[in-house]
Each structure stands twice: as structure tokens, then as C-alpha cells.
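Engineer: Each chain, letter by letter, is given below.
Number of protein chains: 4
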Amino acid sequence: MSDEQERQGLMARYRQVRATTEQLCAPLAPDDFQIQSIPQTSPPKWHLAHVSWFFENFVLPLFSNYRPYHPLFGHLFNSYYQSVGEPFPRPDRGLLSRPTVGEIYGYRRYVDEQMLALLTAVSNDRWPELQNRVVLGLNHEQQHQELLLMDIKHNLSISPLFPAYRDDLPQNGIAATEMGWQEQHGGLYEIGAAGGEFAFDNETPRHRVLVNDHRLADRFVTNGEYLAFIEDGGYRDARLWLADGWALINQRGWQQPLYWRQRDGEWREFTLAGIRSLNPAEPVCHLSYYEADAYACWAGKRLPREEELELALTQRPLSGNFVESDRLHPAPASSDGQWFGDLWAWTASSYGAYPGFRPLAGSLGEYNGKFMANQMVLKGGSCATPQQHCRASYRNFFYPDERWAFCGLRLAEDL
Amino acid sequence: MSDEQERQGLMARYRQVRATTEQLCAPLAPDDFQIQSIPQTSPPKWHLAHVSWFFENFVLPLFSNYRPYHPLFGHLFNSYYQSVGEPFPRPDRGLLSRPTVGEIYGYRRYVDEQMLALLTAVSNDRWPELQNRVVLGLNHEQQHQELLLMDIKHNLSISPLFPAYRDDLPQNGIAATEMGWQEQHGGLYEIGAAGGEFAFDNETPRHRVLVNDHRLADRFVTNGEYLAFIEDGGYRDARLWLADGWALINQRGWQQPLYWRQRDGEWREFTLAGIRSLNPAEPVCHLSYYEADAYACWAGKRLPREEELELALTQRPLSGNFVESDRLHPAPASSDGQWFGDLWAWTASSYGAYPGFRPLAGSLGEYNGKFMANQMVLKGGSCATPQQHCRASYRNFFYPDERWAFCGLRLAEDL
Amino acid sequence: MSDEQERQGLMARYRQVRATTEQLCAPLAPDDFQIQSIPQTSPPKWHLAHVSWFFENFVLPLFSNYRPYHPLFGHLFNSYYQSVGEPFPRPDRGLLSRPTVGEIYGYRRYVDEQMLALLTAVSNDRWPELQNRVVLGLNHEQQHQELLLMDIKHNLSISPLFPAYRDDLPQNGIAATEMGWQEQHGGLYEIGAAGGEFAFDNETPRHRVLVNDHRLADRFVTNGEYLAFIEDGGYRDARLWLADGWALINQRGWQQPLYWRQRDGEWREFTLAGIRSLNPAEPVCHLSYYEADAYACWAGKRLPREEELELALTQRPLSGNFVESDRLHPAPASSDGQWFGDLWAWTASSYGAYPGFRPLAGSLGEYNGKFMANQMVLKGGSCATPQQHCRASYRNFFYPDERWAFCGLRLAEDL
Amino acid sequence: MSDEQERQGLMARYRQVRATTEQLCAPLAPDDFQIQSIPQTSPPKWHLAHVSWFFENFVLPLFSNYRPYHPLFGHLFNSYYQSVGEPFPRPDRGLLSRPTVGEIYGYRRYVDEQMLALLTAVSNDRWPELQNRVVLGLNHEQQHQELLLMDIKHNLSISPLFPAYRDDLPQNGIAATEMGWQEQHGGLYEIGAAGGEFAFDNETPRHRVLVNDHRLADRFVTNGEYLAFIEDGGYRDARLWLADGWALINQRGWQQPLYWRQRDGEWREFTLAGIRSLNPAEPVCHLSYYEADAYACWAGKRLPREEELELALTQRPLSGNFVESDRLHPAPASSDGQWFGDLWAWTASSYGAYPGFRPLAGSLGEYNGKFMANQMVLKGGSCATPQQHCRASYRNFFYPDERWAFCGLRLAEDL
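Protein chains in written order, with this note's numbering: chain A, 154 to 568; chain B, 154 to 568; chain C, 154 to 568; chain D, 154 to 568.
Only chain A is shown next, with the shape it has when bound in the complex (with noise of 0.2 Å):
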């Protein structure tokens, strides 16, 4: 491919990145830019600011004569990267009305015209360099799409009108396959990104690893499933849960998952399209790693490493249903089995360094590498996960008690 048709390649793919992230802002009245429900989440117009941010922090100045859109702005929308300024408090995100969500397409626009006049403009030696630092910058502003649905449906949740965010959203059918197991023998195996396309710091480099013989599931629990577990007492019996786990779920008052909601003894479930009837062959999701964990302890097996869920993903096609389905919530599995998309997969894994590991250079490094304790592998991709995002070598990670993303529960045996 020539230089031109890559830069040509890089702008097109620039914009419909850009362009998507605001797609997923249309339904969006002008009150729900403002919502931060949970400390975690954020605004969607806080999003909408810092996926720009990124482009105006760590692309243009090093290639350009930048100036900032605004003096505030780098304060404003840093997420966590101490060694570029103090970030604004994250709790506080929601309390910025200013600037408005106006003023902050305005900042978008001046810096698409920056970048893509710079995408134009950079001299062929400094090419590569930008290429690799603008496709961070999609990467990044992808895991913003999908948080950006992840936070707007914690948001929405909120309010008791259990208002819809899209109405347009497709029903699954009711009918559940009988879950299968997928056998693996055990041996050395290589895990991590193989190089070639992008990839993450956390996911190199690629090495070996010693797994041993093991089944899978085919596909992820359902709700049916996992309400047996609640109505077996699953929620009031601490022999099934980690300690930590226990005094959560006591302490919080959980007794089901985030979502649900009783009413009239009728189990429902808030989505991205409102309210509605559980519907019992769906997956089971937005559980904490605590909750998946007990109800693998229930069921008699345990949660999947994660090099034993790399493995198995590796052996699939990249294809499911991802944010292009346009379905915003996990279907019930196909007789095909369930293996990338629908819910990222809690895994028994914590999240720490491969071996040899090296965090990128400079202000990057604190991207993915200062995480690296107190929180769980999660693999394979969701229904908000872009499809381009998303490989088998991906590591997502959260906290055990963290429920909002779209994560599921998947049984792995030993053999």
C-alpha cells in the first residue's frame, strides 16, 4: 500500500471513528449529557471532551505548532495521566455544567480540522510515528464508545421512569441451547498479541504458558440459569462466596444483579430500550466477578483462566454480537455456541504483567501498566464493543465489585 493510500486509509478511518462516537451521542437528550450516576461513570459530554483531549495531549503538539482549544481543557477533560497536570476530581465530573455540551462539539470540530490537516500535512519520516500515535488515539476513542454506553445506561437506570435510550432495539427470542463443553488438552501454549495489528502494552509481549487439560463452556450462563441460583438461596449462603464477596453483597444489600428488578414477584430487567421481562435465555449480565464466582462454586466448576479463554478464542472467528449488531444487549447463544461478543467474560486471572512487560514510554506508560493490581481479566468483547476493537488477545479489566460493564459468567472444569 502506498503512503498516500495509507494516509488516505487513516483520515477515512479517523472520521468514522469520530463519527460513530457522536452517532452513539444522537439519541441523547440535552439533560443526559450532564448524568454521572456512580463515581465511575462519566458524562457523556465529559467523553465526548476527552477522547479529543487525547488527540490535543499526546498527537498534536508533538507534531505541530498546537495551540489548546482552551487553557482549562488539558485540566479539565485528563482523565488520570498525573504526569501531563492533576487531573479535575473524577467524582466531580458530573457537577460541570461549563463548558456545555455546545461548546464541547465546538472543541471537537477544531480538533478533527487540526488533526486531519495534520494527517495531511506530516512529512513522510514522521509518518509512521503518527500513524501509531493516531491509532491509540481510535483504539482509544473506541473503549470510549463502549464506555459511552456502559455509563449512559448506568445513567439512565437512575431515574424511575426507566426511560429507554433507544426504542428501536431488536427483541431476542426466549429459546436457550443446551450449554456444551469444549475440551482442551492441556501443554505449552503462546499467549498475547502475536505483533502485526495493534495491540495494547498489556498484551505483549507474546509468551508461553502452561495450561492444563480443561473444558469450557460453549456459552455464557443464562438468566434462567443463574435465577435458580437465587432462588436456590444462592445470595444467602456464605459457603459459596469469597470473604470479600460475602461482606460485599451484605453490605450493599445485592441480591441479584444490577439490573434486575422485582416487581409483583414478576422479574424484569432495565436495557438500553427501558424495562422488560427477564427473558430466560439471555445471558445473565452486569455481575460482579464475586457474583459469577459464587454461582461457578454453585454449579460445581470454576470461572476460565485467562489463557484458557485466549486459547479458545483464538480457535474462532472474530465475529458475534458486537456493537454492529445493533442490538445493545447479549442474545441467547446460537447452536453454534457463544464465543466472541455478547459480554465480556469474567476469568479467575488477575490483572497483572506478562512476563517481560514493558509499559509504553513516557505519559503512555501510565495508560494500562499503573492498573496492574486489584483488578480481574475480562475477555472477548461485548454488544458495545466495536468489532474492529475487539482480538483474542484483548485484556479487559475491572475491579471485582464493578457491575456496569457488560460482562457475563462462563464455566470452565478442570479435566
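Keep in mind the hints are simulated off the structure, nothing from the lab. Incorrect hints may have been included.
Remember, identical chains collapse to one label, so a pair may be satisfied in a single copy or spanning two.
[As the list claims (entries may be wrong)] Here are the simulated lysine to any residue pairs, SDA-like style, with alpha carbons at most 20 Å apart:
| # | residue 1 | residue 2 |
| --- | --- | --- |
| 1 | K454 | P512 |
| 2 | K454 | W280 |
| 3 | K454 | G377 |
| 4 | K454 | L395 |
| 5 | K454 | E350 |
| 6 | K454 | L471 |
The structure displayed is predicted, hence computed values, not measured ones.
Got chain A sorted already, so can you dock chains B, C and D onto it with the hints?
Structural biologist: Showing chains B, C and D alone in chain A's frame:
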């Protein structure tokens, strides 16, 4: 006045008060309607809805076959009336993006239509009762007009952009008058609402009080005077402070009034006109009871008692820097002194029941009486109070650590 | 009385008060000296040391070349006097195993020797000043005698073993008298310390107050009467409660007075004699101001005002169920009514400065004045108060949510 | 070994372990038995009772008609076994003055009599099962011997008197060795308990692991080396820290290891021998995982992985500065390096289940397995660990913010 004139008069007043509320919101960006910067403030859109709910809940169903606008609005927009259902949690008001601002304006239109129809149609025998309720509802809405200004100011103060609510507000001059003193002989006096005009239940019954010889400062303490207290180490000298105040300022790191900011050694103050240089001639405002008391201690004086200030106000015309002056900030005292308006003066009197006090019957009994613990009385109205809403017997009340009201500091002394 | 007799008298009283403090600790196991069950209580060993520190800090160095017992005791045993150094953090007093109880008794011996030597040796011209200070120090120690009993009771209540502080305390009978009412004509009266005998600064100056016609119950509300309030749903009816009280009882799950326990449907009460069946004839004790106020509201009455109760006490002999009765629990009222002793009665008066109040000079000014915010006045002394320490003008004060004092509930009513 | 010899041997070991626990408490003042300085520590008297409860609950009733010593001790002295009843709240253990220390020693006597009678009387066919349980109970008590020393140290550290637990402990010399490195070829190795000797369930099953080429420091990082990190601004440079660690040290104001104190520019360290000058040759101890990790980052190294350290330990004799050395503080490394003892080394491995892990059956399954989340593995034993209790496969575990264990910092590096 004929009955028909009374009706027309009340309808006109209804229209005027309701319109004023909306005019106060006119300068807001859509984003501003959503903010709740601290649990004590409410989003402007919530105020817009709550004052309508007051008519919907306490007026309309008593006189007509009223159909509520939405089955959940009674839950969402009930502030604290436990006896009419469980209110939506106060600290979470800012998390409700739905109903939207647009929907809330629709709600206001609906309530207005019903109210005006009722005012036209109600029978003469029920008119007095309706009139009482509507006047209460309008006074309630005027309280929320002041709360709107207080809350908007606090909400905007969070952004480091220091946005102005209005950019057409006048600047005050910097000339300060000498503080004079008004003497008052002790004796038995009457305070409380005398009847004839509207008053809240907590202003009744009118009763005798014993007052000692004393004198009151004829104006508020100024920024310049308060700055001398700060520069003298006032915030670092425990002996000047009530124990709870000392604990508080150390825990929260308070070293100045709420809206003062220091930059490069210069003091500035955030106002509804944005940030500007501290004007030494203006009354110091937005300080807690503890700060007011510590200043008085430092100055060798004390704060006035509720009855002392009421007596003084009774002897003056009900005029001053109220919201109609359209300054929205306290102004330096004139040579006539400073009594009504500008700022609510903290008194040394805790907010309690007058001898023989009876709350209103029914749910409206929750309006004032249940707050008679742990709060202090403030008197005189402020630059954010509608003049029509104020009077000498008015008892405002806040917790001693609250600073976001337009409150100020007047000195007193025994003779 | 000759100067020498005065000296001998004060030395005798010094010995008696100091000995009484230690007698109160005699029934304790070594383990009990160490406990601080809530931040408000202190370990008994801390009380033993603190009251000695009071003499060490506020008496001895003023009259002699006093050498402090230990360089750090001034830090460890300062309660809240900011002007004489930074006190050790109050909530951590129970974490100090050193100095040991034995070492603290050594400290007491040292201070006693120095004090008695000083009382012998001080010159006649400094005698009056010394006498004042010593009397204050002994009154201070008597306050801590009551605190010792309050704190020991709370500390022991934590153990499910419900240990008795003493097993030789008498049981009360179960006969209750009818509640009678004492009427009082309104008018101008004087309250406050009249001089002549010791009083704290907060009881001064004596001043006139305006009292309205009213009547006071001639005994406290009983357990039996309070049980009727509970059984009538008193703790579930928001309309009876101050807003702060309603929030509090729901947040803390309060459904009964502090030391009431229910087992198999039977009500029991923890006392300094251990746990025993609830005696319906005894006064209800250990309830918060909010509970007292809610009961009064339910009963259609109100709580007395400070001045009303002082007037009533002034008209009665200073006798009753004080600590010298050695019951350590309130007793059912006799046919003569119940005025001094048994329990401190919550009043409807917030604790503030009397007109013209001046705190003591110097650091002792921190004794009472700085607490004049957010607390309520209680009157009359309790079964844990030394009789000699009590008087009609005495103003005790606690926060409205505090229940561990021996406090009770007397009703009042306007005429 | 004959069955009778086995019985005599186990009885001797029972007596020895039980006596050792009490010897560790011999230097304590009565006051010291009661302290719980943070929720993680327990009062020494609670440890004394809890380890007896372990025999009372998990051994005696299984083999005899055992009558519990007191009906409530099962509640008071259950640590965290949800499946045998609700434990008394952990943070409140220090609030229980009753039962007294004396009563708890009586409890120990009772349990000892019953245990020794049982060990004599049990039938041969039930002997193996009893033996297993008793050995587990003795290992459990040895864990609490170390906890006693950890907790006593922390409890005493609260007092500004800096009391010594023992004043007869030796001082270390100040000569430090150069840090050497031990290389290890990568490959497949086996780790975990090999059977034959006692091990906890979490050390099983023995299994293969893949290890990469690496090297380990042959001694711990010293105080002197750590001081260089501090003086280089290590606590102020966010780039060195995990995000959770950075948030933590800023929230808690951590600027040095737990027991370091600075006075007049000189660094001192609190030890079980009281406060003394910081010895630069001693290993730095009582730091969190985050501090260990930040230091390693600053030094351009990393922390060892669990399996790397186990491999190294397997190759060394089980000897070192254990509790039997009676130093109770880590010592400078000798020229032979420093492997077992001195300090538990933080590893980079989160504490999780080994492949195929099965917890013990029944309630004892709560012993280790339920803590497999959010904690990190430490290896090697410390100066407070009984030598007999330690082994290469031992997995200790603490939360990454916990510092009161005798824990230290060893560096590792990839080759």
C-alpha cells in the same frame, strides 16, 4: 375589594410569580438545569418541577377532580413531606436526566392551566380556603426563586471556568461608610406575625419577649473588615471559635468565606457575574454561623439575637437591595444604614418554636416545624429575596455550617 | 471560719473527692479500665489521669515550682484545651495501653502529694485564688465521676455477656404513681447562679426571664408509658419526629432506648447491675432529645423550657436519688413527685450564652463557652451525680443524638 | 514409630505450642491484653481465646461428649467461620473487657485438660483423624503466635511513649553486605506441597509451573537503600506507583514505612525493643505491596513471582532468623545471603487457587480458600514465625495496603 377583583388579583399574582421563576432560568444553558453541586442544592429543573408539584399536591386535588400529570412525579418532586409518600432521595436529584427540562416545562404549563381554571371556577364559599392555599403556594415558589439563585451560584462555582450567570449585572462602588450603632432600650416587646398579611406558621403566635439594653451595628461587616480578621490569624486561633466550628474549619480546610479565591496574592470573589476582585466595601457574604461568631468574638462584640433584630427591622421601611434591584449581590451600605435586604443576618438564636406554636394542620405541618432543631435563625432578606416575600417577622433558618445562602454578619453589643 | 479551718476543710474535701473517684473504680476488673466503646466515652483509666492533669495544669504551676510528672502526660491527658497544647486524639484514647493503670495511680499519688503540700504551704494572700481553682478542680472531678459511671455502663454494654458493674445494687419496686401536674403563673423571674456558692461560668450572670403560664409533670415518663408509645408505632410515624431525628433513627435503626433489649418477646434493660426485666414503673432513661420530643408530640404535650424547670427546681429541696443513694439507676417516683436526681431532664432549650455571659479568663474559658452550639440543656442531676455537685441553676448539655447520659423525659404544657 | 510414641509426641508438641503462646504474652502489662489499634489487629486476649476455641469447635466435639466452656464463647471467639455461626464483629474485639484475661486463661486451662484427656483416650481407629485435626490446630495456633507479635507491635506503636515489648532484645550490627544475584534457568518446575509433612490446603495440589530465566537478589533491600528512594522523591513521583498505591499514599499521607518516625531530622524506627535509630544495614520492613513495587520500579527491577521464590527457597536449608532466634526484628544479611526468615517477601503474584485446588471439606474449607481475591502472596517466613511452622511451599497472603506484618522487599529481574 369585590370577590371578582380578588380573583383577578390573585390570578395576576399567580401569573407573575410563575413567570418570574422562569425568567430566573432564562440565562441558563441547557446544561445548567441539571447540576446539583452539593446535596443541599437542587438542579434548577427540579425546582421548576417541585414548585408545580406543590400546587398539584396541596391545592388542585382539594378543589377539583384533578388528574396528576404523571404517576411518578409525586415521588420525584416531593421534597420532604413524609406524610404524602416517600420522596426521591435528595442527594440524587442531580442524577435524574429524565424527565427532561422540556418535559418539566410541559408539566408547568399543565399545572398552570389547571390552576387558572380552578381560580376562575371555584365557588365563592370555597374561595377563602383556595385563596389561602394559593398564597401559600406562591410564597413557597418565591422561596424557591431565592433557592434557584443560591443553587445556580453554587453550581456554577464548581467549574474552574468561573462562568457568569449574567454578564449584565452592575458593579458596586468601593466607598464604605463608617459602622454606626443603633441603641435600643430593654423592656417587654412583642414579636412575631401580627396577622393581616401572609406569614408562615413559624412566625406565630405573636408573643412578648424580654429584651435587654443593647445596640446593633447599622450595617453589615464588610469584606475589608473581614480580611483584617483573616490577616490577623483569625482562622488559626482556636480561642475565637466554637468547638464545633473549630473542628469543622480544620476538617474542611476552610480559610476564607465560601466564594473567596486567592490567586497570585490577590483576593477575588465568585459572584453571579463571574469572578471579580474582592470589593472591600461590600458586605462579607457566604460565611457560616461559626465564622460569623468567631469574627464577632475577635471584634469583642456578639451576634444579635433574633428578637433584637426583629425589633430593629420593625422600625424601618421594608425596602433595600432585594432581588428587584437586579444586582444579585450585596452592595456597600449607604449613609442611611443597611437593614432590610442585601444579606440574611445570622442571629445568635437557635431556631425553635415560639411559645404556643402550632404547626399548620395536616401534611403542611411538615413545612416548618420539623426543622426546629440544630439550625440558627437569620433575619431581614437578601439581594436574592423578592421584596414582597419579606417582612420583619420572617424567620429564615440554616444549619450553622451552611454557607451557600446569601448570608452576612451584623454585630451587636450589650449596653 | 478561720483561714486555717478553711484550709483544713478544703483539704478534707480534696481527699474525699479524690477518694470517691477511686472508689467508683474499685469494682472494675483490670480489663475494664481500658475500654472506649464509642468516641464519646473514655477509658476509666483516662478519666483517672485527666482529672489529675487538671490540677497539674491549671493549679500547681501557678503557685509553685511544679515539675510535671511526665513530659508527655500533658499531651495525653488534655481533653480539649486547644490553648494549652494539642490534645491526643479523643477517639483513640482507648488505644493507649501505656501508661498502665498502675502507672496512672502513681500519677494520682504524685499529684495528691503536691496538691496537699500546696494547700498547706500557700501564702494567705494567694489563698483565695488557690481556693477558687481547687474548688473548680474538684467540681471538674465530680463531673468525671458521673462520666465514669456513664462510660462504664456503655463500655460494659458492648459485651453479650451483659456483665454487671456491681451485683449488690438494690432492685426497685414496680408500683408507679399517677402523673401529676404543677402549675406555674407566668411573669418575670430571675434564673442563673445567684452567687455565694460555686457555679460554672455558664450559669452566669443571673438575669431576668419572661415565663408564660404553664404546668410541668411532677415526675418523669415511665418505661411503661414509653412502651405504649413504641407499641403505638411511635418509631414508625414520621409526623411525630423532628426531621433530623427521623433521619437519625432510620439511619441507625433505632427502635427503642439505648439499653433496651428484646428477647423472645420480653423487654429487658441493661443497667449497672446487669441485664434485667424492664420495670414499667421506672422512668424511661437513655433516650435522645429526638425521642423525648417525639414522645411529647405523641402525648400532645411538649418538653419544658430551661427556665421553667429551673424555676420548679428552685422551689424544691436539693434532695433525691443522687449517686449517694447508691442505686445507680432511676427509681419510680414517690408520691412527693420527682424533681432533683434520678435523671437529667431534656429541655426544649438549646444551650447558649446567657445575656451578658463572659467565659472565665484564659484557658479555662474553654471549659463551657465554646460548646454553646448544637447542644440542648438538661437540668436536675441524676442517680449518677454527686448531690453536692448539683443545684437548680446547673446547666448540663448534650447533643440531641446522645443517649449515654442518665437522661430522661419530663412533660410540660402551656396553660 | 509406635502409636503410643506418636501420642506422646503429639501431646508434647501440644503442650509446647500452647505454652509458647502464653510465653509470648508474659512480657505484657495487663492493659496490653485489651488493645486493638486497627480493625486488622486483635487484642492479645482475643488471640488467647480464639486459638482455644479452634480446638473447642473443630476438634473436641467430634471425638467426645464435649460440653463447651461457655455458651457465648463460640460467638465471641469465632474469627470468620460463617458456617458455624455468626462471629462477633471483628472491629469491635477491642471493646470487650469481658471475659477478662483471667477468665480467658481459665478457658485455656479447661480446653487443655479436655484436649490432653482426649489425646490419651481416643481409640486407635480414630487416631489418624484426630491427629490431623490437632496438627492443624497447632499450626493455626502458631499462625496466631506470629499475629500476636505483629499485633502487639502495632498496638504499642500507638502510644507516644513508644513502649518496648521487651527490653532484653539484642541490637543488630550496622555492617551491610553487597546485594548479590542468584540466577535461575527457566523451564518447567513443580511447586506446591509435596505431601509427607503438614501443609495447608492452599499449598496443594503440587503442580507444574513454567518459569522464565531470571535472577533474584540474595538479600532484602535495606533501610539504607530504601532511604535513598525516599530522598530521591520516590513518594512524590506518580510514575513509579500503581494507580491504587498512588491514591492510597496520598489519601493516608504515607511518606515512609509504617514504623519510621522522623525527629529533628533523624530517622528512627519503632521495634519490639522500643524506638531506636534507623539501622541502614537492616532490611526495610513493614511496607505495603505498593511501596515495594514502587521501589522496584525506581530501581529498574521487579518483584519476584511466587514460583520463582519458592524454587529458590526449595534449594536452601530451612534456617534463618525465625522467632527462635529471639531477635524479633530482621537482621542484616550475612555473606551467605538471606532466604528463609527475617521477613515475608512480597511477591508479584496475586493469591489465587492452584490448578485443581480443593478446599478442606466442611467448615474448615473457610480456612484459606475464601480469601483468594484481592490479596498478594508473601513467601519465606519472618523473625516472628516459628521455624517449625515454615516451609518453601508456604503461602502467606495480605492485602496490598497492609503493612503490619513483618514483610520486606526482595528484588528480581528477567534475564
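Engineer: Take the hints in turn and mark each one as holding or not.
Structural biologist: Going down the list of hints, with the structure as the test:
1. K454 to P512: Between copies only: 14 Å across chains, 35 Å inside a chain, cut-off 20 Å.
2. K454 to W280: neither (50 Å within a copy, 34 Å between copies)
3. K454 to G377: within (17 Å within a copy, 49 Å between copies)
4. K454 to L395: within (15 Å within a copy, 33 Å between copies)
5. K454 to E350: For K454 and E350, the Cα distance exceeds 20 Å both inside one copy (35 Å) and across copies (29 Å).
6. K454 to L471: This pair counts as neither: shortest intra-copy Cα distance 27 Å, inter-copy 37 Å.
Hints 2, 5, 6 from the earlier list are contradicted by this structure; the remaining hints agree with it.
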